[in-house]
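Starting from the given sequences, assemble the full structure and let the hints guide the process.
Those protein sequence lines, which keep their order, are chains A and B. Counting in the working numbering, the first sequence runs from 45 upward without gaps. Counting in the working numbering, the second sequence runs from 45 upward without gaps.
I should point out that these hints are in silico values taken from the structure, not numbers from a laboratory. Even for Gly, the Cβ is constructed at its ideal location relative to N, Cα and C. Check before you lean on any hint, since a few could be wrong.
[Claimed, not checked] One-sided and incomplete, this derived list gives chain B residues near chain A with beta-carbon spacing under 10 Å:
#1 Ser81
#2 Ala172
#3 Val239
#4 Ser243
#5 Pro273
[Unchecked claim] Derived lysine-lysine pairs resembling PhoX-like cross-links, with alpha carbons at most 25 Å apart:
#6 B:Lys108 x B:Lys97
#7 A:Lys253 x B:Lys282
#8 A:Lys153 x A:Lys143
#9 A:Lys282 x B:Lys253
#10 B:Lys97 x B:Lys183
#11 A:Lys282 x B:Lys282
#12 A:Lys97 x A:Lys153
#13 B:Lys97 x B:Lys153
#14 B:Lys97 x B:Lys143
Protein chains: 2
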Amino acid sequence: MTADVLAAWNDGPAKARIVEFVEGVTREGGVDYVPPSERIAVFDNDGTLWCEKPMPIELGFILKRFVEMAEADESLREQQPWRAAREGDHAWLGGAITKHYAGDDSDVKVLMAGILQAFDGQSVDEYAEAAGAFLRGGKHPTLDRAFHACGYVPMIELLAYLEAHGFTNYIASGGDRDFMRPVTEEIYGIPSERVIGSSNALRYVEDEKGGTVTYAAAPDVFDDGPVKPVRIWSRIGKRPIFAGGNSNGDVPMLRYAGGSRPALRLLVLHDDDEREFAYTAGAEDALATAERDGMIVVSMRNDWGSIFE
Amino acid sequence: MTADVLAAWNDGPAKARIVEFVEGVTREGGVDYVPPSERIAVFDNDGTLWCEKPMPIELGFILKRFVEMAEADESLREQQPWRAAREGDHAWLGGAITKHYAGDDSDVKVLMAGILQAFDGQSVDEYAEAAGAFLRGGKHPTLDRAFHACGYVPMIELLAYLEAHGFTNYIASGGDRDFMRPVTEEIYGIPSERVIGSSNALRYVEDEKGGTVTYAAAPDVFDDGPVKPVRIWSRIGKRPIFAGGNSNGDVPMLRYAGGSRPALRLLVLHDDDEREFAYTAGAEDALATAERDGMIVVSMRNDWGSIFE
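Shown next as structure tokens:
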């Protein structure tokens with residue numbers, strides 16, 4: 045296996061550093077050698093592995109559910125977040141996330157309360173079926189492609205390249221864990237047990253078929269910022285040596301990679317408004333940290349020959 | 045591969061049902077066939093995979109820490125749980141667990157509060173090192189063997205047998221996740237990322253080396269009873285088809301296995317006071333459920349030719 049598998053990456057410093065790092069940690073007897081069981085790689089999902097604009101894909105799924113709820117219950121129509129969902133007010137919704145990354149959680153809290161209500165009592169199996177159907181059947185609002193095809197080809201190649209070199213890849217996302225799980229194996233080759241992310245609280249409800257796990261109307265984990273390294277340890281029990289992210293919420297995860305070992309930390313920079321989107325809102329701290337700590341900043345415009353399949 | 049790998053199991057109904065089940069779910073084209081990615085097996089640890097009497101192995105580790113704390117701070121010596129630790133009052137300590145399984149959590153709460161205090165501020169790396177040293181160096185109080193050799197050989201054989209047939213094994217224990225992790229790969233062939241269990245709260249503390257994950261003096265998850273299926277879903281995202289346990293706290297996990305699929309549920313019965321211990325305290329509901337639902341009850345005395353290596 046050679047670096048040819050990274051065919052969608054342009055030759056340049058980003059690709060060269062990835063290949064150099066992987067060759068270093070896999071060279072038996074070399075000073076940087078890391079045994080396969082310790083080759084843990086963690087990746088944010090929204091904006092790192094797949095597209096997150098004009099709003100996170102998961103939001104589209106939630107909006108669809110909000111619209112259904114507002115159709116069924118008139119009293120919800122003048123309240124946020126149902127009003128924004130019904131009126132297609134993407135600015136309010138996208139703004140909630142941007143404000144969160146800038147440190148203002150007021151709108152995100154209103155949104156979260158709505159989400160808790162939206163899935164209260166649903167079983168994990170029902171939710172997985174609905175999420176899978178949405179991701180396989182739905183289309184991105186502006187990119188003229190299925191949600192399912194919104195993964196970045198260079199990152200999918202990177203995942204395969206790492207796996208071929210004995211790495212074990214995990215998703216460590218701020219997004220909802222159970223929303224991604226139905227498709228992560230197909231899109232990224234990452235099975236459900238290696239998806240870490242946010243979740244509502246769950247409860248076990250006894251029944252005649254051995255019981256059902258269902259969502260409760262309470263938050264459990266919002267897997268962002270300093271929570272990411274905590275959740276990575278909780279789930280894996282090892283410190284990663286490779287981490288990829290794109291926003292301020294990924295900074296602790298990126299910094300956590302390595303410890304006393306060599307590590308590669310990679311930040312995806314959205315600077316291609318022709319093929320994808322150009323934005324740095326919510327990534328200001330991450331870009332400053334990347335420069336200060338010598339992380340790789342991947343320019344979508346310059347480093348990626350193609351973005352989508 | 046044949047059933048010969050279950051060499052420490054006596055021929056009898058328990059062994060026969062295990063082999064019959066595994067052959068059924070692995071027979072391609074058969075009515076009970078389950079693809080490898082769905083062959084998930086979950087096992088409790090204390091009393092199911094290794095010895096839990098006269099008290100759980102983890103308690104010995106905690107007591108050692110309590111004694112150190114009481115030596116350093118005189119004010120702790122007259123308080124529980126430090127007093128019991130210092131005086132070697134195993135009855136109080138073992139009783140806390142037995143009372144928990146009988147529905148009375150008063151002493152277990154006192155114990156838990158002490159445990160939170162005992163590891164407050166310790167990093168996960170320091171804790172893992174201390175737990176690993178204790179398990180490798182310490183000796184069981186009555187069985188004349190290292191803690192590390194307190195795993196049940198027939199269960200270790202069963203794990204290997206399942207793995208050889210495409211199963212993925214997980215530990216889903218009420219015990220502390222991070223206490224087990226340093227040795228589960230060596231003893232059971234189960235790596236840290238497949239250990240589910242209880243945990244204190246963790247926090248990420250920034251430092252010059254990329255940050256450290258440390259324990260906070262707050263509970264996070266007590267992974268027992270109805271919490272077990274919830275945590276199994278959270279970690280794996282799949283419903284197991286094989287589950288093994290030994291106490292009332294395992295009943296929801298045992299019942300959860302299978303769902304619409306065939307499943308094997310196994311309960312270890314401690315009825316061998318010559319080679320191990322004989323007790324059913326804390327397993328009354330589990331035994332009643334096993335009989336009602338047709339789970340396999342494994343008699344240590346009759347079904348196991350040998351217990352320890």
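Against the structure, the hints come out as follows:
1. Ser81: Status holds, d = 7 Å.
2. Ala172: This interface hint holds because 8 Å falls under the 10 Å limit.
3. Val239: holds (7 Å)
4. Ser243: Hint on Ser243 of chain B: holds, closest Cβ of chain A at ~7 Å, below 10 Å.
5. Pro273: holds (4 Å)
6. B:Lys108 x B:Lys97: Distance of about 17 Å is within 25 Å: holds.
7. A:Lys253 x B:Lys282: holds (15 Å)
8. A:Lys153 x A:Lys143: holds (11 Å)
9. A:Lys282 x B:Lys253: It holds: about 15 Å lies between the C-alpha atoms, which stays within 25 Å.
10. B:Lys97 x B:Lys183: holds (13 Å)
11. A:Lys282 x B:Lys282: holds (22 Å)
12. A:Lys97 x A:Lys153: This hinted pair holds, its Cα atoms lying about 20 Å apart.
13. B:Lys97 x B:Lys153: Holds: Lys97 of chain B and Lys153 of chain B sit about 20 Å apart, inside 25 Å.
14. B:Lys97 x B:Lys143: holds (15 Å)
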